[in-house]
Amino acid sequence: MNTIEIRAGLFDALQRVAPEVEPAALASDKALRSQVDLDSMDWLNFIVGLHERFGVDIPEADYARLVSVDTIVAYLSARLA
Amino acid sequence: MIEFKLPSLGADMDDGTLIEWKVSPGQEVHKGDVVAIVDTSKAAVDLESWVEGQVHELITQPGEKIAVGTVMAWLLAPGESAPLQTVQPGVQPPAGQAMSAAAPRASPAARQRAAALGIELAHVRGSGPNGVVTLQDVEAVAAAASRVPVDHAAGMRRAIAAAMARSKREIPHYYLAETVPMQPALQWLAARNAARPVTGRLLPAVLLIKAVALALRKVPELNGHFADGSFRPAAGVHVGVAISLRGGGLVAPALHAVDELPLDTLMAALADLVARCRAGSLRSSELSEAGITLTNLGDTGVESVFGVIYPPQVALVGFGRIAERPCVVDGTVRAWPTVVASLAADHRVSDGHRGAVFLGELRALLQQPDLLDTPAPPPIPVGGSA
Numbered sequence: 003m004n005t006i007e008i009r010a011g012l013f014d015a016l017q018r019v020a021p022e023v024e025p026a027a028l029a030s031d032k033a034l035r036s037q038v039d040l041d042s043m044d045w046l047n048f049i050v051g052l053h054e055r056f057g058v059d060i061p062e063a064d065y066a067r068l069v070s071v072d073t074i075v076a077y078l079s080a081r082l083a
Numbered sequence: 003m004i005e006f007k008l009p010s011l012g013a014d015m016d017d018g019t020l021i022e023w024k025v026s027p028g029q030e031v032h033k034g035d036v037v038a039i040v041d042t043s044k045a046a047v048d049l050e051s052w053v054e055g056q057v058h059e060l061i062t063q064p065g066e067k068i069a070v071g072t073v074m075a076w077l078l079a080p081g082e083s084a085p086l087q088t089v090q091p092g093v094q095p096p097a098g099q100a101m102s103a104a105a106p107r108a109s110p111a112a113r114q115r116a117a118a119l120g121i122e123l124a125h126v127r128g129s130g131p132n133g134v135v136t137l138q139d140v141e142a143v144a145a146a147a148s149r150v151p152v153d154h155a156a157g158m159r160r161a162i163a164a165a166m167a168r169s170k171r172e173i174p175h176y177y178l179a180e181t182v183p184m185q186p187a188l189q190w191l192a193a194r195n196a197a198r199p200v201t202g203r204l205l206p207a208v209l210l211i212k213a214v215a216l217a218l219r220k221v222p223e224l225n226g227h228f229a230d231g232s233f234r235p236a237a238g239v240h241v242g243v244a245i246s247l248r249g250g251g252l253v254a255p256a257l258h259a260v261d262e263l264p265l266d267t268l269m270a271a272l273a274d275l276v277a278r279c280r281a282g283s284l285r286s287s288e289l290s291e292a293g294i295t296l297t298n299l300g301d302t303g304v305e306s307v308f309g310v311i312y313p314p315q316v317a318l319v320g321f322g323r324i325a326e327r328p329c330v331v332d333g334t335v336r337a338w339p340t341v342v343a344s345l346a347a348d349h350r351v352s353d354g355h356r357g358a359v360f361l362g363e364l365r366a367l368l369q370q371p372d373l374l375d376t377p378a379p380p381p382i383p384v385g386g387s388a
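So the protein lines, in turn, are chains A and B. For reference, each letter of the first sequence is one residue, going 3 to 83 in this note's numbering. For reference, each letter of the second sequence is one residue, going 3 to 388 in this note's numbering.
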């Protein structure tokens, strides 16, 4: 899977929890949770969405690496390689 | 004959608009069955029946706005037989009969229009001769249904304003707070979550909710309703959870019997409730049965929250952000995660001492997370050694 597909999957999972989000308006290098109003339940649902979409189980210890769109894409790329 | 009246679905609700019936004359109704969808100006709610019976006549029409307490329908009690009818030309069909047997006579144009619009003819009162449903009758129902307010944001704001103003007018609030160390609980949680896939993990909020429910068993005067000058303790521990909606606004539907739920079940129930809340499909029992409400603003990043009690409840528990703070443990200062738990309570029903006992119990429970994952208190060992 290339990074374009991963980004698309990421935005799809994000829009499931936050339907009002415009992916094009997001700064990909800034913390996602500072740009989108996501509480802890939303965040968990987003990670479940990533898990279901990409087939990758994400340990709690790795949550700290999922900060911005760029870091999430990098993490998923590495896991899927 | 049972009068099915519009119940109050919250302190801020005086009236509701019927959106559609989900049952027809002749249909058997059981407790908990959804009989109608009602718009409360805050949200559309699935109205559940609290009685058993058979629908005899639907009185309120879709699109009609009615006050709380209005009789919406008549139900036959189990074993009761229908009174002789002289108005309706149809007969009571056996339960489970196809819709067409219960449908009153209707003109072909009305039948066609109703089918096109997805309107149940059985729900339309006929104005033609002998109660025949005319095309105009069907169109009137369609027009009324489309006038149902869809702008819930304004209605929501008004409802919250009314409830909060009433609360501050009528309820003498007192406030207490306690900083609760969360290291044992979060450590326990991390170990438990590490052993589970992402779909089976618990949020810290679930520990907080369970601890509140268990602590209420020790101080039951914080759980219930104050009405007509007296306090009625709740029969069970149904905890309202304040959930903010994405478009703005706030609802606090109840999780049922929280003190009896294992943590996994509680997590699933909370996730389901939040999802349905945001999708706008809550049930009436969820909006009327909370004996206490919990507001968790930790995700927003505030230190603590001192809230406004949601009438007719008598207490509100608040939680701020779980964060590392200086904490004295065994005589030394450590950097431990802590959370500020707060209690707002009705001074007509409880005094500060009892509120303090509640917060003390809450704190103690959160230091022993193993106690949170049991539905009931641990059994007392019978004879012998532990």
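You may find that some hints are simply not true.
[As the list claims (entries may be wrong)] Stretches of chain A that chain B covers, calculated by requiring three or more beta carbons in the stretch to come under 8 Å of a beta carbon on chain B:
id : segment
1  : 14-26
2  : 41-54
3  : 66-78
If you're looking for bench data, these hints aren't it; they were derived computationally from the structure. For glycine and all other residues, C-beta sits at the position ideal for the given N, C-alpha and C.
Problem - Hints not upheld, ascending by number - result: Per hint list: single violation, 3.
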